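Visitor: For the record, the sequence lines run as chains A and B. As numbered in the working numbering, residues 9 to 521 make up the first sequence, in order. As numbered in the working numbering, residues 9 to 521 make up the second sequence, in order.
Derived by calculation from the structure, the hints in this document are not laboratory data. Misleading hints may appear alongside valid ones.
Since the list can't tell identical chains apart, any single copy or any two copies may satisfy a pair.
What the hints assert, rightly or not - Below, simulated SDA-like cross-link-like pairs (lysine to any residue); rule was C-alpha separation at most 25 angstroms, straight line:
#1 LYS450 - SER413
#2 LYS10 - ALA63
#3 LYS10 - GLN122
#4 LYS84 - ARG214
#5 LYS511 - GLN66
#6 LYS223 - ARG266
#7 LYS72 - ILE115
#8 LYS152 - ILE115
#9 LYS72 - GLU193
#10 LYS247 - GLY43
#11 LYS345 - GLY181
Remember, predicted model here, so these are calculated numbers, not experimental data.
There are 2 protein chains.
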Amino acid sequence: MKIAHHSPEVQSYFTALLERLGEVNDLRSAADLLGWDQTTYMPPGGAAARARQLATLQRLAHEKFIAPAIGHLLDKLEKVVEELPPDDDAAALVRVTRRDYERLQRIPSAFTAQITTHIADSYEAWAQARPANDFARLAPYLEKTLALSHAFADFFPGYTHVADPLINLSDYGMTVATVQPLLRELRTHLQPIVKAISAQPAIDDRCLTQAFPEKAQWDFGVQIIQQFGYDFQRGRQDKTHHPFMTKFSLNDVRITTRFSEAYLAEGLFSTLHEAGHALYEMGINPAFERTPLADGASAGVHESQSRLWENQVGRSLAFWQHYYPQLQATFPEQLGKIDLATFYRAINVVRPSLIRTDADEVTYNLHIIIRFELELALLEGKLAVRDLPAAWDELYDTTLGVSASDYRDGVLQDVHWFSGLIGGAFQGYTLGNIMAAQFYAKALQTHPTIPAEIADGHFATLHQWLRTNIYQHGNKFTTADLVQRVTGTPLTLQPYLHYLHNKYGAIYNLALS
Amino acid sequence: MKIAHHSPEVQSYFTALLERLGEVNDLRSAADLLGWDQTTYMPPGGAAARARQLATLQRLAHEKFIAPAIGHLLDKLEKVVEELPPDDDAAALVRVTRRDYERLQRIPSAFTAQITTHIADSYEAWAQARPANDFARLAPYLEKTLALSHAFADFFPGYTHVADPLINLSDYGMTVATVQPLLRELRTHLQPIVKAISAQPAIDDRCLTQAFPEKAQWDFGVQIIQQFGYDFQRGRQDKTHHPFMTKFSLNDVRITTRFSEAYLAEGLFSTLHEAGHALYEMGINPAFERTPLADGASAGVHESQSRLWENQVGRSLAFWQHYYPQLQATFPEQLGKIDLATFYRAINVVRPSLIRTDADEVTYNLHIIIRFELELALLEGKLAVRDLPAAWDELYDTTLGVSASDYRDGVLQDVHWFSGLIGGAFQGYTLGNIMAAQFYAKALQTHPTIPAEIADGHFATLHQWLRTNIYQHGNKFTTADLVQRVTGTPLTLQPYLHYLHNKYGAIYNLALS
């Protein structure tokens, strides 16, 4: 990156800033690799030392980032970038760096180290206690996580809601005041859809629950994501218990997946989902490498890209018009006699269930809204950790009409509260679903041929539109600015509701609105 | 670790030292993981960023280690540990840390950066020029490496031989004055053995060059090293082009291997060799974790452990009395009709050859001695880089009676001079072979039942003896001190010669002495 300024002094400030940010980025990337290894290949014995190593790297990255020298360089450069257009890259870098700098300045590095160590312990405990269905063992970890979450928020006095600083961590610029009404409004729309669908004859999706050998599933998914544009020269896929995307540079963007040999949809859509995250990172402007701009704009925008590829593309009829004959050829015994319409309905079945990650497009957001409300209740002190399982079960009963027989499939199902702070962990998923529809609607409006191209197995027009409008910008714009810039309107529920009504109205023979 | 001292002030110095050393250790371990990933799983696109990340971690580890604060803590603690017995752990930590501190202090970080960059360039050039058989292209890199090696040595004025500071890097305490006579004496013993064997009928080892499916080789090797005591809860095995052992903590000690489906001995003995390195690290006193004591004592001592498990154990008749029936059951078509005696002779065939890494136990050291003499001649200015290929070929002719038809299998075969300094790169291999025999002889003297146990597939007595006498001490003693302590005598050729004479005398029906 360069700064458009003729003064050698200003150039040297900018170069010095890049050098310091690069060092921080190297430390963070190393920490990310340690984290990737931890969940993919690390032997169990490595856990204790790995937690210490991660803590050291994160502490050093933190110390280096909040060094006064960076503050001084920002002071010098801010005066210069005021004269530049707001979407100038250098101006964006200074702006985003200042934002992160001010935030991290407030968090003592001892506190960061404390969080890192606690989270590592907490994750290990969860990994052992969840299979044992042992909430009691995990309650003290959650208590401490909650205390640390409060302590974190308190470094940002002046917040409106205690969750706001935590939400800011993953979805910068969002607040309880903006997110909660949106989620609650969405709930009022989703519940009637779920109710109407539940009154219809159930879809038969037994074709998905046959024996599907893993190797064939792996190869089928890999072939698709390569056609999406995922580049195995710049990434790889491994297996983990919980699939994720991670990157160590813009040319090393990895995904993980998991398979069930008894359920086809799990591995397939997990692969498409994580590939969507990866396409975003792989598409960031290479000039942003090693800077804070070389990241997604927010958890929500990131999720919009994984969801767009997984759902708007990967669960569409057009997509399977192309791929279903190939899938049948891959699994002739299992799917040879199942027609496309049956398969398409099976992968889009709407059925209230216990597990978030298995949920369909319609009920998924209700899982998120439950968690979001529980996070707020915990943070507001209205809910004690010991009462969390009961509150969880009650909300599942009233919102989705289902109840878990154990903690494994209930309150312990997600890793989030055991691998990060409480507050801000979940809203990004639903914000992502909403934005995916809003972005995709805009892409279709600009290029109405996209569905026809997808039906031919071509994704280049869509991928290029996403690269041009979203991916290349990385973390340059805030979520709100990006949505406005790309779609011409602020974040809105309408395209998402329109998408759900159309798609599920057709699938379930309902007039939804 | 604790220090046996009643003053809280001294305790606090010691704790502060441990904390600083722990931070350095975390950075180095992270760098090691980045290196492991680079050769196992990293996609090609990741290379450029990975080089930057490694450089950053190594620079920070260096800066942190030579911080004046560590010097001050050592000053304070040295007065205290003088009163402690020399084999006290805390005393050893202070002693070893001082040694490393003084060495690293002398090397300016700009010089380290220069070496790092040159080595990276040099390695890239070698990787391209070796297949092209292009020595001329690499000569300028070697010239520069030689100049840097001299410059390195000059940071340690007062050396007796210019190679001494370089040898110290991998085999602390060894010098040209101690190593060269030993290697030359060994040569005078090896050459008659090779000559006598060459006059005997050649051993038929074609049983090893059949088709051996990789998966079966992998499983067979894994089963053996688990019986050695390699703990897959505290390690793992992956595939790389060049096998190695690496560790990220004492509870995460990994090995890599490679297989040839056309040659059984390659993967099998590579696995046993690397497992030997790993058993050493896995056996280090857990109290040494995160300190400079949590390492092998030297390249030579490390190699003694890989060689002991690979050769003294893994190429012994007793070992195959137990495992050969299992190997035959694994590969019935290939080995079902080959008897144990034939197989045992095949894996111990002695045959002068061009490639060091393929060499047998007897000729292997002659490859090392050639390289060691060439390194010294280059450093002494008696040999110019341009004359190196001719000198190489001449030594191979006079020492082993073989000559390479190209540079690929001659002077360019090893990565060492293109991935590190010249001087000190090779002697550890032969020191390791010598020590392996000396240690093993002592173990057998103490526990004469070891060969019988091995013939039953039991390794616990040997493993425990190695743990007690060698492994647990880690880097606490110098090579010379450790050998004296374990065997009661200084480093000596006699046990090694005795081993070779007995073993190969029996195999080749010769009276060797």
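Visitor: Look at each hint and say if it fits the structure.
Guide: Do the hints match the structure? See the list:
1. In this assembly of identical chains, LYS450 and SER413 lie within 25 angstroms of each other by CA distance neither inside one copy nor across copies; the values are 43 angstroms within and 62 angstroms between.
2. For the homomeric pair LYS10 and ALA63, the shortest alpha-carbon distance between copies (23 angstroms) is at most 25 angstroms, but the shortest distance inside one copy (33 angstroms) is not.
3. In this homomeric assembly, LYS10 and GLN122 come within 25 angstroms of each other (Cα to Cα) only across copies, at 24 angstroms, whereas the closest approach inside a single copy is 37 angstroms.
4. Within a single copy, LYS84 and ARG214 get their C-alpha atoms no closer than 64 angstroms, and across copies no closer than 74 angstroms, so neither meets the 25 angstroms cut-off.
5. In this homomeric assembly, LYS511 and GLN66 never come within 25 angstroms of each other (Cα to Cα): the closest approach is 45 angstroms inside a single copy and 54 angstroms across copies.
6. For the homomeric pair LYS223 and ARG266, the shortest alpha-carbon distances inside one copy (12 angstroms) and between copies (23 angstroms) are both at most 25 angstroms.
7. Taking the closest pair of Cα atoms, LYS72 and ILE115 come within 25 angstroms of each other both inside a single copy (13 angstroms) and across two copies (23 angstroms).
8. Taking the closest pair of Cα atoms, LYS152 and ILE115 come within 25 angstroms of each other only inside a single copy of the chain (17 angstroms); across copies the shortest separation is 46 angstroms, beyond that limit.
9. In this homomeric assembly, LYS72 and GLU193 never come within 25 angstroms of each other (Cα to Cα): the closest approach is 43 angstroms inside a single copy and 54 angstroms across copies.
10. Taking identical chains as interchangeable, the C-alpha atoms of LYS247 and GLY43 lie at most 25 angstroms apart whether they share a chain (14 angstroms) or sit on different chains (21 angstroms).
11. With identical chains, the CA atoms of LYS345 and GLY181 are never at most 25 angstroms apart, being 51 angstroms at best within one copy and 75 angstroms at best between copies.
Hint compliance for this structure: hints 1, 4, 5, 9 and 11 are broken, all remaining hints hold.
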